[in-house]
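S.K.: The lines below spell out each chain.
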Amino acid sequence: MSTLHTINKSPYTHKALSSCLKVCIDNDGILLLEDGVFGIIPSAPGAEELQILISRGIKVFALINDVKARGLEEKSAPDIIFIDYNAFVQLTLDHRCVQSWY
Amino acid sequence: MSKKILLVSRHAPYGNSTAREAIDMALATSVYDQDISILFMDDGIFQLLRNQHSQLIDQKNIASILTALSLYGIENIYVHQESLDDRTIKINELILDGLQSLNNKDVGNLLSQQDQLLSF
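Read top to bottom, the protein sequences are chains A and B.
What the first sequence shows, in our numbering, is residues 2 to 103, in sequence order.
What the second sequence shows, in our numbering, is residues -15 to 104, in sequence order.
Simulated from the structure, these hints should not be mistaken for laboratory data.
Since the structure is predicted, the reported quantities are computational estimates derived from the model, not experimental observations.
In this text, a Cβ means the ideal position worked out from N, Cα and C, and glycines have one as well.
It is possible that some hints are incorrect.
Said to hold, decoys possible - So the derived label-pair ranges between C-beta atoms look like this:
no., chain 1, residue 1, chain 2, residue 2, range
1, A, P79, B, D69, 29 to 39 angstroms
2, A, N87, B, N76, 48 to 58 angstroms
3, B, Q100, A, N87, 20 to 30 angstroms
4, A, Q91, B, S38, 36 to 46 angstroms
5, B, Q100, A, I82, 21 to 31 angstroms
6, B, N76, A, A70, 41 to 51 angstroms
7, A, Y86, B, D69, 21 to 31 angstroms
8, A, E50, B, R71, 12 to 22 angstroms
9, B, L55, A, Y86, 15 to 25 angstroms
10, A, T93, B, S1, 24 to 34 angstroms
11, B, M(-15), A, N28, 24 to 34 angstroms
12, B, Q97, A, A88, 45 to 55 angstroms
13, B, N76, A, A88, 42 to 52 angstroms
What the hints assert, rightly or not - Think about it this way: if two alpha-carbon atoms lie no more than 27 angstroms apart in a straight line, the pair counts; the simulated DSS-like pairs of lysine-lysine are:
no., chain 1, residue 1, chain 2, residue 2
14, B, K89, B, K(-12)
15, A, K10, A, K60
16, B, K74, A, K16
17, A, K16, A, K60
18, A, K10, B, K89
19, B, K(-12), A, K23
20, B, K(-12), A, K60
21, A, K23, A, K60
22, A, K76, A, K10
23, A, K23, B, K89
24, A, K10, A, K23
25, B, K89, A, K60
26, A, K23, B, K44
27, A, K16, A, K76
28, B, K89, B, K(-13)
29, A, K16, A, K69
30, B, K89, B, K74
31, A, K60, A, K76
32, B, K89, A, K16
33, A, K10, A, K69
Using the sequences provided together with the hints, build the complete structure.
M.R.: Okay, here's the thing in structure tokens:
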């Protein structure tokens, strides 16, 4: 059983990502979307913790449309998984619940 | 069939309607005999402070509405300990009795045990 965490606020101005990272447990997933995709930048607040979670096996996704829209495709930290809208829907089905951090 | 529902309230009262909408949702859900619990974290903690005088800004007192939760059979109310610590607030300063404090891992586990999450 696991939770999909969605974050739609920039980690530079909001604590949504940092709060999520504190309570994320094994088998959970994290999806960055809307302004949340700024979190893929390696120097963003919380980026180090994000990498630690990735190394523990937690998958971190970013919605590709939001990434490309903001010109961030080349600026991403490694191991962030880009997904499209269909995969987003599938993720919500693959997890037991969705917690939206905003 | 009763579902296990957790309402997560993370925003301060009064600045916008998020906190109030969360409580309205909790009260409404309880009427339908669902197994609902509430978690306060981040700025949501501020809803639980004593001595709120919200009439001064023409708003209903959130804290006094929260005291009605037990009348609606909502008994499991959680607070995130680190959010309290960050704000130098002690659990005994809060308006409700019987609050259960959770560490980070407890919160993660609590989220994973639900049938439905309501994020406010």
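S.K.: Look at each hint and say if it fits the structure.
M.R.: Structure-based check of all given hints:
The given range of 29 to 39 angstroms is respected by P79(A) and D69(B), whose C-beta atoms sit roughly 33 angstroms from each other. For N87(A) and N76(B), the Cβ-Cβ distance of about 49 angstroms falls inside the hinted range of 48 to 58 angstroms, so the restraint holds. Between Q100(B) and N87(A) the beta carbons are some 23 angstroms apart, a value that agrees with the proposed interval 20 to 30 angstroms. Roughly 44 angstroms separates the CB atoms of Q91(A) and S38(B), a value that falls within the hinted 36 to 46 angstroms.
Roughly 26 angstroms separates the CB atoms of Q100(B) and I82(A), a value that falls within the hinted 21 to 31 angstroms. For N76(B) and A70(A), the hinted distance range of 41 to 51 angstroms is satisfied, since their beta carbons lie about 48 angstroms from each other. About 39 angstroms separates the C-beta atoms of Y86(A) and D69(B), a value inconsistent with the hinted range of 21 to 31 angstroms. Checking the proposed 12 to 22 angstroms range against E50(A) and R71(B) shows it holds: the Cβ atoms sit about 21 angstroms from each other.
In this structure the supplied range 15 to 25 angstroms is violated for L55(B) paired with Y86(A), their Cβ-Cβ distance being about 43 angstroms. Evaluation of the 24 to 34 angstroms hint for T93(A) and S1(B) yields a pass: the beta carbon distance comes to about 26 angstroms. Between M(-15)(B) and N28(A), the C-beta spacing of about 25 angstroms keeps the proposed range 24 to 34 angstroms intact. At about 26 angstroms, the beta-carbon gap between Q97(B) and A88(A) misses the expected band of 45 to 55 angstroms.
The supplied range of 42 to 52 angstroms is met by N76(B) and A88(A), whose beta-carbon atoms lie about 46 angstroms from each other. With a CA separation close to 19 angstroms, the supplied pair K89(B) and K(-12)(B) stays within the 27 angstroms bound. Distance check on the hinted pair: K10(A) and K60(A) sit about 19 angstroms apart at the alpha-carbon level, within 27 angstroms; holds. At roughly 22 angstroms between alpha-carbon atoms, K74(B) and K16(A) fall within 27 angstroms of each other, so this suggested pair holds.
With a C-alpha separation of about 20 angstroms, the suggested pairing of K16(A) with K60(A) holds against the 27 angstroms cut-off. Simply put, K10(A) and K89(B) have alpha-carbon atoms about 23 angstroms apart, close enough for the 27 angstroms limit, and the pair holds. With a CA separation close to 23 angstroms, the supplied pair K(-12)(B) and K23(A) stays within the 27 angstroms bound. Restraint check: the Cα-Cα separation between K(-12)(B) and K60(A) comes to about 26 angstroms, which is no more than 27 angstroms; the hinted pair holds.
Our distance criterion of 27 angstroms between C-alpha atoms is met by K23(A) and K60(A), whose separation comes to about 15 angstroms. Proposed proximity of K76(A) and K10(A) is supported: the alpha carbons are some 18 angstroms apart, at most 27 angstroms. About 8 angstroms separates the Cα atoms of K23(A) and K89(B), which keeps this hinted pair within 27 angstroms; it holds. Under the criterion of a C-alpha separation no larger than 27 angstroms, the hint pairing K10(A) with K23(A) is consistent with the structure, at around 16 angstroms.
This hinted pair checks out: K89(B) and K60(A) have alpha carbons roughly 18 angstroms apart, not beyond 27 angstroms. With a C-alpha separation of about 32 angstroms, the suggested pair K23(A) and K44(B) falls outside the 27 angstroms cut-off, and the hint is violated. Between K16(A) and K76(A) the alpha-carbon distance is near 21 angstroms, which keeps this suggested pair within the 27 angstroms criterion. Proximity of K89(B) to K(-13)(B) is assessed by CA-CA distance (about 23 angstroms); at most 27 angstroms being required, the pair is judged to hold.
In summary, the hint linking K16(A) to K69(A) is supported, as the alpha carbons are separated by about 23 angstroms, within the 27 angstroms threshold. Restraint check: the Cα-Cα separation between K89(B) and K74(B) comes to about 20 angstroms, which is no more than 27 angstroms; the hinted pair holds. For the hint pairing K60(A) with K76(A), the CA-to-CA distance comes to about 18 angstroms; that is within 27 angstroms, so the pair holds. As the CA atoms of K89(B) and K16(A) are separated by approximately 18 angstroms, the hinted pair is consistent with the 27 angstroms bound.
A C-alpha spacing of about 16 angstroms is found between K10(A) and K69(A), which places the hinted pair at or below 27 angstroms, so the restraint holds.
In summary, the numbered hints that this structure violates are 7, 9, 12 and 26.
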